[in-house]
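Enquirer: If you're matching them up, the sequences are chains A and B in order.
Residue numbers for the first sequence, in the numbering used here: 1 to 305.
Residue numbers for the second sequence, in the numbering used here: 1 to 305.
Everything hinted at is true.
The following label-pair restraints were derived from C-beta to C-beta distances: (1) A:GLY186 to B:GLY277: 49 to 57 angstroms; (2) A:LYS101 to B:LYS230: 51 to 59 angstroms; (3) B:LYS101 to A:PRO233: 52 to 60 angstroms; (4) A:PRO41 to B:ARG29: 38 to 46 angstroms.
Here are some, though not all, of the chain A residues that point toward chain B, as calculated from beta-carbon distances under 10 angstroms: (5) GLY44; (6) GLY116; (7) SER177; (8) VAL184.
None of these hints come from the bench; they were simulated from the model.
All figures in this text were calculated on a predicted structure; none of them were measured in a lab.
Ideal Cβ placement from N, Cα and C applies to all residues, glycine included.
Protein chains: 2
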Amino acid sequence: MQNFADRLDQAIEKKSSCLVVGLDPVLERLPGEVLAEVGVPAQGEPGWTARAASATGLFLRGVIDSVAPHAVAVKPNAGFFERFGAVGMDCLREVSEHAAKQGLLVICDAKRGDIGHTAAAYAESILGETPDTLGPVTDAVTLNPYLGEDSLRPFLDKCSTGKGLFILVRTSNPSGSDIQELQVDGEPLYLKVARLVGKWGEDFRGEGGLNPVGVVVGATAPGQAAAVRKELPEAFFLVPGYGAQGGGAEELAPFFIEGGKGVVVNSSRSVLYAFDGHGGDWRAAVAEAASRAREDLEAVRSSRV
Amino acid sequence: MQNFADRLDQAIEKKSSCLVVGLDPVLERLPGEVLAEVGVPAQGEPGWTARAASATGLFLRGVIDSVAPHAVAVKPNAGFFERFGAVGMDCLREVSEHAAKQGLLVICDAKRGDIGHTAAAYAESILGETPDTLGPVTDAVTLNPYLGEDSLRPFLDKCSTGKGLFILVRTSNPSGSDIQELQVDGEPLYLKVARLVGKWGEDFRGEGGLNPVGVVVGATAPGQAAAVRKELPEAFFLVPGYGAQGGGAEELAPFFIEGGKGVVVNSSRSVLYAFDGHGGDWRAAVAEAASRAREDLEAVRSSRV
Chain A
1 MQNFADRLDQ
11 AIEKKSSCLV
21 VGLDPVLERL
31 PGEVLAEVGV
41 PAQGEPGWTA
51 RAASATGLFL
61 RGVIDSVAPH
71 AVAVKPNAGF
81 FERFGAVGMD
91 CLREVSEHAA
101 KQGLLVICDA
111 KRGDIGHTAA
121 AYAESILGET
131 PDTLGPVTDA
141 VTLNPYLGED
151 SLRPFLDKCS
161 TGKGLFILVR
171 TSNPSGSDIQ
181 ELQVDGEPLY
191 LKVARLVGKW
201 GEDFRGEGGL
211 NPVGVVVGAT
221 APGQAAAVRK
231 ELPEAFFLVP
241 GYGAQGGGAE
251 ELAPFFIEGG
261 KGVVVNSSRS
271 VLYAFDGHGG
281 DWRAAVAEAA
291 SRAREDLEAV
301 RSSRV
Chain B
1 MQNFADRLDQ
11 AIEKKSSCLV
21 VGLDPVLERL
31 PGEVLAEVGV
41 PAQGEPGWTA
51 RAASATGLFL
61 RGVIDSVAPH
71 AVAVKPNAGF
81 FERFGAVGMD
91 CLREVSEHAA
101 KQGLLVICDA
111 KRGDIGHTAA
121 AYAESILGET
131 PDTLGPVTDA
141 VTLNPYLGED
151 SLRPFLDKCS
161 TGKGLFILVR
171 TSNPSGSDIQ
181 ELQVDGEPLY
191 LKVARLVGKW
201 GEDFRGEGGL
211 NPVGVVVGAT
221 APGQAAAVRK
231 ELPEAFFLVP
241 GYGAQGGGAE
251 ELAPFFIEGG
261 KGVVVNSSRS
271 VLYAFDGHGG
281 DWRAAVAEAA
291 SRAREDLEAV
301 RSSRV
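Turn these sequences into a full structure, and let the hints steer you where they fit.
Expert: So this is what it looks like as structure tokens:
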């Protein structure tokens, strides 16, 4: 398969969109008609997990169909699926497969990080080729760097097969600073991590010059984005924190490489639950929110072209 | 449920054992008779994941029965189960349930770390009460601290319901030093993390004075263990790296609190595959390896009593 950085870059250009829709399904927030169609019993009742996963799958397939013209990728969040046990994992795989069929890239937000043989098992599970696992329908995965290079090596190796990585550098949650901003040699830890990512990824550059060993950098403070970009001039950035989490599109400019390249921006709840509090067709509300987000982001991206 | 630190401490005293058996099942290393009984097809063939998970479950139930008299807990490693997709998650739950029935505590080695609603979903998935998920059969989980306090809060809350945590502080892999030993204010990062863990866990102390908000500290260098113990005088330590990974029991003394308390030591491959290269009953070889490991560790633990 072609290098992930080239695939993602080409998809962005083709769709004129750097929007990623995060799939964070919370059962209580699903449209009433979806819950009614599946008939989900009260939590803890027999069959709850199967019905909850079924309703989640029905909802997310509708979301995917609605956002496919406007987004470049979806980012299913593994925790929300694991919540339903084994049937949740089947749901995650089916939803990822549906997204791939609709022409969307799939970034599995699993934030894994483990050592040796375990890291290899996770890499096979999420980016491998075994039927009935996530591997064949997943294009990229999010990873945690705390355990160092050897914990990432089995995933890095998958970049040679067309897969991509987004390694956590600076996250957008309030406590993200607890460890990530500790000062090391007069600079914050996350910049050291960014530099390490640059070293780990140096063999995987795509034909277009972008790197599939990417990073997650939250839209928390604009100066931080510029500092990380300086360390990683070629890496793809996955930027959460846009939309419901509070960041505005205008703050995203420092993330982009000249030419409006190298960035995808995630929005989860503000797209997923756009129907909330409104009447009418929920699918139309989701599609409209994705379309608006795309336009909003294109205004920033095109200012960098 | 009683505080996890009290439950674990009492189990150690009752069994005179601080041995945890890590369940890291690698299909290729299973006993030939197990593979033959299940009839596992070649990888990639239809039905491979289901048969592979089935053989893994059969093997691990035998392991659990063999080690139950000698170990205080098992530590199933989520990555090796996720490798088989959804059926692997069912296998993980069934194996955990079997261990609980055999009187073993279950530490799910998942190394999760995520933010906000996702962290809550993972906490529900692994330590919650939903039938058909891992929660009801899991006593404790391993976690990654890189995202800071709010990423751990939903798990910390579960400590009030009798569950326990082991937060990664200093891991035993060669690249563990990449980030964990970066110098912050003249001391290594992992000591800062240890101090944060102490702060996060201060409300959860058990009746016996031990803390269920524990840490993972590898047996890499003896001085490191003593330094972390100084920061966390009451926390349970989960110590990997004993046995196949290279550390010897005599190096473990600095981990213990006076009285031989506060430590569980993990051994995976040297117990799990003890039959490798030997004839005879594989179950007997596993039992004997667990018994030897227990005695080896008791010699150190009793020197601290």
